[in-house]
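Colleague: Here are the chains, one letter per residue:
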Amino acid sequence: MTALRGIAAIPEAALVLALPPLLLSFVVKTKAWFGGRVGPPWLQPYYDLYKLVNKGVVFSTTTTWVFRAGPIVNLAALLTAATLIPVLSSDALLGFAGDIILVAYLFALGRMFTVLAAMDTGSSFEGMGASREVTFGTMSEPALFLSFIVLAIVTKSLQLSQMVGPQLYASSNSIGPAMVLVVGALLIVFLTETCRVPVDDPATHLELTMIHEVMALDHSGPDFAYITYAAALKFLLLGSILLHVALPHPGWPRWIDAPLRLVELIGLAVVVGIIESSMARLRLNRVPLLLAGATVLAALAAVLTITRSTA
Amino acid sequence: MNAQTVTDCVLVLVILLNLGMLAVSRLASGVRLFAMQSLLLAFLPLSADVLEGESPGVHALVIAVGTIAIKGIVIPHILLRIIRTGEVHREVEPFIGFTASVFVGALLVIGSFGVATRLPLPTSPISTLIVPVALSTLLLGLLTLVSRLKAITQVLGFLVLENGVFILGLLLLKQTPLLVEMGILLDLFVGVFIMAIVVYQIRREFDHMDTHLLISRKES
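As you go down the protein sequences, you meet chains G and B in turn. Residue numbers for the first sequence follow our numbering, beginning at 4 and rising by one. Residue numbers for the second sequence follow our numbering, beginning at 1178 and rising by one.
Here chain G stands alone, though its shape is the one from the complex (with noise of 0.2 Å):
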C-alpha cells in the first residue's frame, strides 16, 4: 500500500513542480484582460526560465559566498517545504508531528538568505529592500502561527496534513465562525508573503517602492532563474495552505480531489489578479496596520475555538 502511494504520489509531485510558473501566467492573463490586453503567450514563464537558465552569470567583486549561496538556499528551503505541504491532494509527501513549525522556519531561512544575499551586494536601494522584507516578515509570522493553533485546537493534530483535508472538513461544522477569520488572516499573510499587491507591486518599476523585486536586481542568469521560480513555488505553497484551510475536502478519492484542488488553485490565482487589477497597493506606512489585522484576526479566532473548545 505504501509502495502504490510512493509511485502515485511521483505524477503528482512532477505536477507540483511544473505547475508554478503556470499559475503566474493566470495573474498576469486576468490583469491584461482587466487592461483590455491580450498579454504575453501562456508558456511566458517557462520561456523566461528557459532564456535565463541559459545566460551567464556576473558576480559584483564586492560580494562574498553568501550572495552566490542565497537563491540557491532559497530553492532548496522551499523544495523542502513542498515536502512538506499538502497541495493538491490532502496528505502531503512527507510529514511528522510538529512539522508546521518546520515549515513556516523553512520559508523564514529561504528569507533570511535572500536578505542577506541583498544585504552583501551593498546596494542602498538593496539594504532597503531587504529592511522592509524583514519588517513585515516579522509581522505576518504571528498571523500565521495562531492560525497555525487555531487548526491545531480544532484538529487536534500538529502535523500539517493532518490539520487541514478530512479531519478539518469533519469538525467545520462545530467551529462557526473562527475559520472565516483564520482564511481572512491567511489571506492577508499569503499577499503578503508572495509580494502581491496590497503589500507589493510585483509589476513596478521604481527601485524605491519595491520590496522582494529591489532584491534581486544583482542577481542574473540561472541565479535570477532559481529567484523567479521559487518565488512561483512561494505562490503554489502558500496559496495551497490557505485553499485547503478554505475549502476542505472530504476524503474524495484523488482522482477527483486533486483536480478539483487544481481547479481552485488557478481560481485563486484569478482571484490575485483580480486584486491586483481593482486596488492600489497601500501606504508603505499603512502596511503594519494591514498585518496588525491579520494578527488580530487570527488572536481573535484562536480565543474562540479555546473558549468554544473549553466550553
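Because the hints were derived from the structure by calculation, they are not lab data. The beta carbon of each residue, even a glycine, is placed where N, CA and C say it ideally should be. Keep in mind that a hint or two might mislead.
Some chain G residues near chain B, calculated using beta-carbon distances under 10 Å [unchecked claim]:
no., residue
1, 292
2, 303
3, 306
Using the hints, position chain B against chain G.
Modeller: Chain B in isolation, oriented as in the chain G frame:
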C-alpha cells in the same frame, strides 16, 4: 446554518467592526461602521426569541425597530451631517497610533474573553459569546473615548459603549420591561442631540474667532 451559528457570526462581526473603528482614519467611515454595528445588533433580540423556538414577540420587535431607527439611521445621520457641513478636519487624530490602538483593542478583547468565562450569570445566555462580546464592546468603546482627540470621536466612543450595554441587556431581555429599553434609547438620542449641538457650538465659536482675527488684521 442554524440560528445559533448566525448569532455567533453576528457577535464576531460586532467585535470586528469595533476593531475596524479603531483602525479607520476617516471620521465618516467610523460613523458608518458604527451604523453597521447597530443594524447588526438590532437583529439579536429577534434571534433570541427564534432560538427559544417561538416567533419573535412584540417586545423584541419594538426593540429591534427602535434600535434600527435611532442608532442605525438617525444618530449616524446627525453625525455625518456635522462632519459634512462643519468644516471639521476629516481625520481622526488619535493620541496613540492606529496599529497600536488595534493591538491594545485586541488585548482588551482577549482579556474580556478570559474574564467572561469566570462570571456567574443569573440566566443562561442565548450564546456563550454574548458576555465576552458585550464586555469587549464596552472596553473598546471606552478605548475610543479616551484615545481620540475629536469631540465627534468621543461621541462615537460613547455610542459604542452603549452598544456594549445593549448586548449585555440581551441577557435579561425577558426580565426587563420594555419601558427601560426605550428609556435608554431615548436617553441616548437626547445625549447625542445635545452633544451635536455642543460640537456645533464649539465649531461656530472657533470659526467666529478665526474670521474676527482675519478682519482685525486687515484693518490694522
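Colleague: With reference to the structure, classify each hint as holding or not holding.
Modeller: Evaluation of the provided hints:
1. With its C-beta approaching chain B no nearer than about 5 Å, residue 292 (chain G) sits inside the 10 Å limit, and its interface hint holds.
2. With a cut of 10 Å, the hint placing residue 303 (chain G) at the interface with chain B holds, because the nearest CB-to-CB distance is about 6 Å.
3. Here the hint on residue 306 (chain G) is kept, as its CB sits about 5 Å from the closest CB of chain B, short of 10 Å.
Hint compliance for this structure: every hint is met.
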